[in-house]
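Asks: One point on numbering: in the numbering used here, the residue at position 66 of the sequence shown is 66, and numbering is uninterrupted.
Since the hints were made in silico from the structure, they are not lab data. Because the structure is a prediction, the values reported are computed rather than measured. All C-beta atoms in this analysis are idealised placements derived from N, C-alpha and C, irrespective of residue type, glycine included.
Label-pair distances were calculated between CB atoms; the ranges are: (1) 171 / 49: 27 to 33 Å; (2) 52 / 213: 16 to 22 Å; (3) 45 / 216: 16 to 22 Å; (4) 155 / 52: 36 to 42 Å; (5) 124 / 216: 29 to 35 Å; (6) 149 / 173: 28 to 34 Å; (7) 225 / 126: 39 to 45 Å; (8) 63 / 42: 25 to 31 Å; (9) 172 / 205: 17 to 23 Å; (10) 17 / 172: 19 to 25 Å; (11) 173 / 242: 18 to 24 Å; (12) 226 / 35: 34 to 40 Å; (13) 274 / 38: 43 to 49 Å.
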Amino acid sequence: MRGRDAGRKAIQPDFSKPSVARMYDWLIGGRDNYPVDREACKELLQIAPSTRELALVNRAFLVRAVRYLAEECGITQYIDHGSGLPTSPNVHQVVQQFHSDARVVYVDNDPIVLGHGKMMLAEDTATTAVILQDMRNTEAIFESDEVRRLIDRNMPIACLFVSVLHCVPEKDDPWKLVRDAARRLPPGSYLVISQLASDDEQLRSDITQFMREITGGNWGEVRSLDEVGRFFEGLELVEAQAPCEVSLWRPDSEIGPRQKTKEWVEFGGVARLP
1 MRGRDAGRKA
11 IQPDFSKPSV
21 ARMYDWLIGG
31 RDNYPVDREA
41 CKELLQIAPS
51 TRELALVNRA
61 FLVRAVRYLA
71 EECGITQYID
81 HGSGLPTSPN
91 VHQVVQQFHS
101 DARVVYVDND
111 PIVLGHGKMM
121 LAEDTATTAV
131 ILQDMRNTEA
141 IFESDEVRRL
151 IDRNMPIACL
161 FVSVLHCVPE
171 KDDPWKLVRD
181 AARRLPPGSY
191 LVISQLASDD
201 EQLRSDITQF
211 MREITGGNWG
221 EVRSLDEVGR
231 FFEGLELVEA
241 QAPCEVSLWR
251 PDSEIGPRQK
261 TKEWVEFGGV
271 ARLP
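Produce the complete structure using the sequences and hints provided.
Replies: Encoded structure:
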């Protein structure tokens, strides 16, 4: 889970209910959360004790994937779907270590994320932006003023869907969402995808029901490993033969962070458009 309610219509903040964005923030050691979020996390940890570890592993995967795309693939344009609350290092900070003029657009439908993002990017508006938009509305994202201003559609782009697709219910077809984004990208572009997954059907059901209840329906579902694998159909996986538990994707070292317990995992990878 990566801190956002990205699969839903934008609404005013409701501090009486836990927010996926703020829960994720607490799990990775952030400060932009409230007692209701912390209590929800503690309940979730009783169902899936490795959730904090999972969140940290996922964040490390995001940083490694972006570093790989910037340093080794030369990608200088990024659209981060469901970006969540700012957490250092953010995508633009990683990329701009290698390309000072790299451009990043953050997308989220949480008004709190928009507010924090605008403050964070106040001095970087020439190369970065944050927009308030439902990530399912691909056309609105790609035709937005900020994407038009910053993203050159004739050059390779990296689209990030990192720990967000589980916020999209099956009825809204998250696989079509990924295909719609991919078909708007030029050849040589990349997608980074991870989502919460488990092959334990009962666990999937328990966590999905819990998250839907505490967030007031702002949740999709935990999926099987095979279901997550479908996001990569028609794409060329890089640095891996198949989607994997993300701590295993180009680990920094043999003693790097791993998700040891397996009640659920972040499952995914990095893929290139042919």
